[in-house]
Amino acid sequence: MFADLLTRNGNGIWTVEIIPAEIEPPKRSRAGASGYRIRIGSHAVTNAGDTADIVVAFNEQVLYSRIDSGALRPGTLIFTDGSWLADPNERVAKQYMDAVADFRARGYIVITLPIAEECLKYADDVRKGKNIWILGLLCAIYDLDQAPVHQNITNRFSKKGEETVRKNIALFSAGYEWALQHVEQRFHIPSIANTKPMVVMNGNQAIALGIMAAGIEVCSMYPITPATSASHFLASAFEQVGGIVHQAEDEIAAIGFAVGCSYAGKTAVTITSGPGLALKTEFIGLAVMTEVPLVIVVVQRGGPSTGLPTKVEQGDLMAALHASPGDSPKIIMAPATIEECFHFMITARKLAEEFRSPVMVLSDANLATGQQPFAKPVFDPAWLAPPLDLSPVEPGSLPFAWDPETGLSRRPIPGQRGGEYVLTSLAHDEHSHVAYEASINQRAMRMRSRKLSVLQSALQPPALHGDPEGDLLVVGWGSTLGTIEEAVDRLRSERKRVSSVHLRFLSPLEPGLKAIFSRFRKVITIEVNYSDDVGDPYITEESRRYSPLAQLLRAHTLVDIDCWSRVPGSPLPPAAIEQRLREELSKVVA
Amino acid sequence: MQPFKILDLEPHEQHHDPKDYAGALPRWCPGCGDHSALNAVQKLCYDKQLPPERTVVVSGIGCSSRFPHYMNTYGFHGLHGRAFPVACGVKSRRPDLHVFVVTGDGDCCAIGAGHWIHALRYNMDLTVILLDNNVYGLTKNQTSPTTRLGEHTNTHPRGAVVPPLSPLTVALGITNTSFVAQTVDWQPAHVYNTIRAAYEHRGTSFVRILQRCPHFSAHIFDAPREDPSLLLFMEHEQGISLEPAKLQKFPNRMTHDPQNLDEARAIAEREDIYPLGLLYRNENAVCYDDFTSRGLGMPQAERQVAIRTAIDKFVI
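Protein chains in written order, with the numbering used here: chain A, 1 to 590; chain B, 1 to 316.
So that you can see chain B by itself, here it is in the shape it has in the complex (with noise of 0.2 angstroms):
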């Protein structure tokens, strides 16, 4: 991202170790997916020796969104579906932090939906992870708006009714969307890169982790983890990348240009295979960052004769 210069930060040479991120020790339940993406995010921070300081975790309600407790930087576990306004409220006038938000699927792409829809159009310089187990977890088994039809929970025990939501579908039809990725919690490695490539975009970078729950959708993913052919990989030198020993291991591999929005989309909606990687990324645009952080950097001296101004404009 563009560097501001707003506060008068001392940079940072304090060495960071991975345990400087670790937090509370996590709560979720053994073989839970969250798991994966925790340790991808602490990797991250310590390979990017993100100040703890200046990292804010931002999240809403529900097994996902205990992640912050299980950081040791900044966070925000607030209300269900809310984080994004909160997010964006952070980042608003505070550049200098580095801000991620953690979500599930009942919390983005139900209740939060419409803040979801919207903080992709604002796009403004935020990691976004979406843990998506296709299931409420932490209220026990009710449909998520991305079960699978048919599939029985606690509120359809005859199975879902309804077809679900296809996030990235969502994600790539708002318009100003910027960075879109998919990735499976048990390929720990394309977690990691996936998380690095988002937060190194500048804008909003929407990354869906596909994963289980242990309790309620424990075997959703049993067959495209049997059957590695049923991940579509989606190579590209502007894409996420993997090494070659680690490639092999994805005999479904096609060339995609992340750049081709019509392509992901294609991609995004089909139902036979999970893609795996960057669908879209656009550098160019506009965040709103550079709205909002407007004025950020004005003299108070500035500002009094601002407002002394303005009060000036009523006087009769």
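Just chain A, same shape as in the assembly (with noise of 0.2 angstroms):
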């Protein structure tokens, strides 16, 4: 509510959850508490920023982990709730006062909160009162008129009748009023009031909303997280929009049912995460094969195995790009941001229609659950898929003619007259026959792998961020651009020769890269993602273990390109990532 109430004002914000992996976590446990991390600017903001100025713990013993995660910093104003000081067991008030003291020896601000005093004089559950409550006192300090909260309030309780409503506005007031009375600290962040109409949403919503508003009918899926609220929104849109959620007996039922969807002229999305991605791959290898359409969505998290479920990685990249037995080219993209969660969804339809093929779209838990207002897309006609074309086909024609300049063919449909043929998933030849000889395994491997290079040419060399020639260059894809690119201005603003660019498409690479790379003295990617360090007694230049992007670019330019990744399971801060490249700039220039 808090966000939402900064977004209406004018102000960007970025968000980012934390949620346990677990429902119900032992009760303060240092781990798995969740929460939510808002960072506020009068500009939009690009990431989840560094430390923070304000912490509100409902249980103390939890900031021991944002404190090893690095979350807070000497001035950090802590509130917590003093309700433990009255527990009935009394370890659990000595715990909560040791646990302040130490606080403050660390060199951050506490204040104790009544919580329950204060709630109980509005609410009879403190549990269903304090939130609003604190909402309160975050108004006040962060001098928010009351007016528009009240009918915030009003418009979120109304459905649970008036006296909800009244609950509710005075727990808020009370909230505030304490605030103004106790709390010195104010902070003020000015706002710009939007121009635009603007849209707030996380990332798995602007991927369902992008679904929709490209007319794709289907999402086929089994439940994952991070995946999976996706498909939660979907559930209910589609009963206007016109559409259905397939929650399928398996990951791999999943993407079956998709591409039967798909083979029958209605291309499908399925979403999934890194372990349903692992189950996928037979099928994924069977639509390129096959050259079904199909959109599939990875929203990556922690891995390797079921790894981290609930945190942020990239790891994905190198199993998106190999999902098959076999070479499987395929296309593969990547948003940076919210906004483009929503958008990719569009042109990723468009793709796989276009080139005939699975097109891959990595997502991953910090847009999934991020929240950042962009503005509000114009929705277009021409995004949606066109009418089922089942008007016979022409005499003679193939399944896969495929041009042997682009490789691309056009595909019948189930309901085109004279179109009939059996789709295979054994090597085939033009008739869609199964081939006995080797040389048209050789034929329909080129054409296949042809329309990966007709797509590369109709793309654009990636925008660089800074100049077109430095000292450093950083590569980065995916949820990191905000936090790089912050990073990057951090250091440009000293006249550090440092320029950033983020790669949208991973398969095939935007062109141009090598040429961009060798303006640079050196090229980097940071990720969130494991590779070996350099300085890592145990690790040679020989045994080294680069990053998925990394390898991949190396791979494909053959240009020596460095790699900084971190696996925190939690966003990238733009200052570690400053730091690090203030290090590579030192090594560099000297």
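Some hints here could point you the wrong way.
Derived BS3-like pairs: lysine-lysine, alpha-carbon spacing no greater than 30 angstroms straight-line [what the hints assert, rightly or not]: (1) A:Lys159 x B:Lys313; (2) B:Lys249 x B:Lys43; (3) A:Lys587 x A:Lys514; (4) B:Lys43 x B:Lys246; (5) A:Lys522 x A:Lys587; (6) A:Lys522 x A:Lys496; (7) B:Lys249 x A:Lys350; (8) A:Lys121 x A:Lys94; (9) A:Lys350 x A:Lys496; (10) A:Lys160 x B:Lys249; (11) A:Lys128 x A:Lys196; (12) A:Lys27 x A:Lys196; (13) A:Lys376 x A:Lys196; (14) A:Lys128 x A:Lys167; (15) A:Lys514 x A:Lys496; (16) B:Lys313 x A:Lys376; (17) A:Lys160 x A:Lys121; (18) B:Lys313 x A:Lys128; (19) B:Lys313 x A:Lys167; (20) A:Lys159 x A:Lys376; (21) B:Lys313 x A:Lys196.
It is worth saying that the hints were derived from the structure and are not from the lab. Treat the numbers as computed from the prediction; the structure is a model and nothing was measured.
Combine both chains into one complex, guided by the hints.
Given below as structure tokens:
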């Protein structure tokens, strides 16, 4: 609600949901409590930023996990729930006092809130009242007017009756008043009124909306964190828009169903995360082999295996690229912002159909759960898939009439008279007849591969952030766009010769990369991924394992690209990137 | 089935000859039971005058799954064990298509068992034919889930060590199953009548055809072939019939009401005989098609308004 108010106010925000892997982790455990991080600015905010100015902790123990992750700094203002002091278990009260003393010793400013006492004046259940009371507190500290919030509360709770609305407004005002009387600190973040209509949503909602706006009627999925929420949204939205979410019996069936839909002329989408991608690979290979258009969204999370189900990582790039037995040329795109999550779905469906190919869209947990305002998309009916063309196929046309220059061909759809063919996962010729001769396979592979080359020739070289030449070039992809550019901007303001480039297409890669790289003394990728550190005494130049984007770019360009990557399970803060780039710059310039 | 008027298709006045349904020359071995199913399906398509362009045969991998290649309709020869999800996807937004699934005992009951169970539960309007020869043929004689105990294969040279799975009892155990029948490849008239009844039923009709593999399980059905009393012919006015002359060949007959699920299960569990005919049919089972076809007739203009409204909900 606080983030929502700020965006309505015209402030830029970036939010991060901190979600434990369990529904109800043990109470007062240091790790595992959920949370919500909001970065606020006057202008658009592109990433989660560095350390927090204010923290509200309903349970002080969890702050230790936040301290470990570097989220706090000396001077951070911490509000804690003093109700623990009255806990019947004496150990809890002592633990609370020890923690507060420790926090103060670390330089944090701690203010104990009488949450239970205050909330019980207006609500029967503290748990149902404390969020709104805290909202009041924050609005006072951030100097926001009460009236629009009252309206917001009324809208939100009106379904539950007037009594609930009245209670919540009272709780809000009480929190607000308490802050005015007891808290000195104030933050005033000027906002610029939005001139254009804006929307605010998270990346999964943007993907879901994009799916509908692309005219896709079927989302076939199996529940997996952090991808599932997109299907929650679609399941209800499709009721009005005309479509279905098919919750399959497993990940394999989910993509199989989508392939069946697409084969029958209705390009479908399947949404998953890393472990689901692993299971879907055989069908991805089939879609490549049989040239079935299909959109596959992978909302990446920490791996390998079950890994960090609710946390961010970009570790599925190689898995996506090579998903399939054998060679499987496919289109892979990666949105870098929530706005792109929306628009890329429209492009993905079109590319899937034009290129008769699966298109993978790689998002991640950071985009999936982060909220960001952006200009309201102006819906264009041309985004929708055209109605099914079931007119008879010209006599003599073949199901894979590959154009030798492009590899492209038009596919017949069941219902088209004269187009009857048997799609087969086996190697096949233009007739879709099983290929028993060696030369056919070579040719068919070449035709499927050629499509990527054709697509690459239609793409523009990526735009550079900063000067087109210099000492250091940072290459990134996906949700790290904002944090990388902020780090680069900080260094550029010191006249450091550093630029960055952010890739949206990973397969085929955008053209001109080698030329761009050649104008910098050093190129380094920054990723939320694992790679061996150069300084590691157990790692040699020969044994060092690079992060996925660096591997891909090294192979593609033969440029000696370095990488710096980390897997903290949270977005990389710009300060960490800045520090690393500073070190690199000092090495390069020396 | 309930006709869905979704696509502006012209009614087909074109008459189709039997040859219109015949695709490539089958590459199955002589004596393979798959031929009997292919003949029956082609005859059914002809008798029903199914437009070849609106008929889709979906299969997985295995000898049986070469089936679509031998039809002159649309076909989908996909992945081992995965015919069911594909077929459900094909049908989901295209209720105008006639969808057949052809699968084998390895494809359906082993690698694809999870999909099989759920496809029966979804009960979409599919005609499913399980060509069960108790062995993996294409990969050369490995034990399948329906290989009998003690039967020698390349993976169990001293004989299969675990009792076989019964596809009939599994199918009859799944909630919302709506059609379960069994036939044998050496009774072509019965094969045809069974597949026809399956096609005419709205929902997932599951037909198991007992058949031999001439190479690797050539003798498994010698006993019932030689002694027809080992076949239990299920008779009922709601069941699968045979003309009286042919019926006389089955000395062992019983009346079984296909609505009687308990009796169907009891018959399926018998190990002393091979039941023949319709074990179970429920015309009132939920069809998932009713859900998946939702919103198909929506005019583009209405869709556009709904999309704009959905976007507007996020406006701040």
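Hint check results:
1. Only pairs whose Cα atoms come within 30 angstroms are accepted, and A:Lys159 paired with B:Lys313 is accepted, the gap being roughly 17 angstroms.
2. This hinted pair checks out: B:Lys249 and B:Lys43 have alpha carbons roughly 23 angstroms apart, not beyond 30 angstroms.
3. Note on A:Lys587 and A:Lys514: the hinted pairing holds, with a Cα-Cα distance of about 22 angstroms set against a maximum of 30 angstroms.
4. Restraint check for B:Lys43 and B:Lys246: the C-alpha separation of about 19 angstroms stays at or below 30 angstroms, so the hint holds.
5. Only pairs whose Cα atoms come within 30 angstroms are accepted, and A:Lys522 paired with A:Lys587 is accepted, the gap being roughly 10 angstroms.
6. Distance check on the hinted pair: A:Lys522 and A:Lys496 sit about 13 angstroms apart at the alpha-carbon level, within 30 angstroms; holds.
7. At most 30 angstroms may separate the alpha-carbon atoms for a hinted pair to count; B:Lys249 and A:Lys350 exceed this at roughly 60 angstroms.
8. Distance hint between A:Lys121 and A:Lys94 is fulfilled; the C-alpha atoms sit about 26 angstroms from each other, no more than 30 angstroms.
9. This hinted pair does not check out: A:Lys350 and A:Lys496 have alpha carbons roughly 41 angstroms apart, beyond 30 angstroms.
10. A threshold of 30 angstroms between alpha carbons decides the hint, and for A:Lys160 with B:Lys249 the separation of about 72 angstroms lies outside it, so the pair is violated.
11. Proposed proximity of A:Lys128 and A:Lys196 is contradicted: the alpha carbons are some 36 angstroms apart, above 30 angstroms.
12. Pair hint A:Lys27 plus A:Lys196 does not hold up; C-alpha atoms about 44 angstroms apart against a cutoff of 30 angstroms.
13. Under the criterion of a C-alpha separation no larger than 30 angstroms, the hint pairing A:Lys376 with A:Lys196 is consistent with the structure, at around 8 angstroms.
14. Distance hint between A:Lys128 and A:Lys167 is fulfilled; the C-alpha atoms sit about 11 angstroms from each other, no more than 30 angstroms.
15. Under the criterion of a C-alpha separation no larger than 30 angstroms, the hint pairing A:Lys514 with A:Lys496 is consistent with the structure, at around 22 angstroms.
16. With a C-alpha separation of about 11 angstroms, the suggested pair B:Lys313 and A:Lys376 falls inside the 30 angstroms cut-off, and the hint holds.
17. A distance of roughly 20 angstroms separates the Cα atoms of A:Lys160 and A:Lys121; the hinted pair therefore holds under the 30 angstroms criterion.
18. A hinted pair counts as satisfied when its Cα atoms are at most 30 angstroms apart, and B:Lys313 with A:Lys128 qualifies at roughly 26 angstroms.
19. For the proposed pair B:Lys313 and A:Lys167, the alpha carbon gap of about 26 angstroms is at most 30 angstroms, so the pair holds.
20. Between A:Lys159 and A:Lys376 the alpha-carbon distance is near 27 angstroms, which keeps this suggested pair within the 30 angstroms criterion.
21. Of the supplied pair hints, the one linking B:Lys313 and A:Lys196 holds, its CA atoms being roughly 16 angstroms apart against a limit of 30 angstroms.
Hint compliance for this structure: hints 7, 9, 10, 11, 12 are broken, all remaining hints hold.
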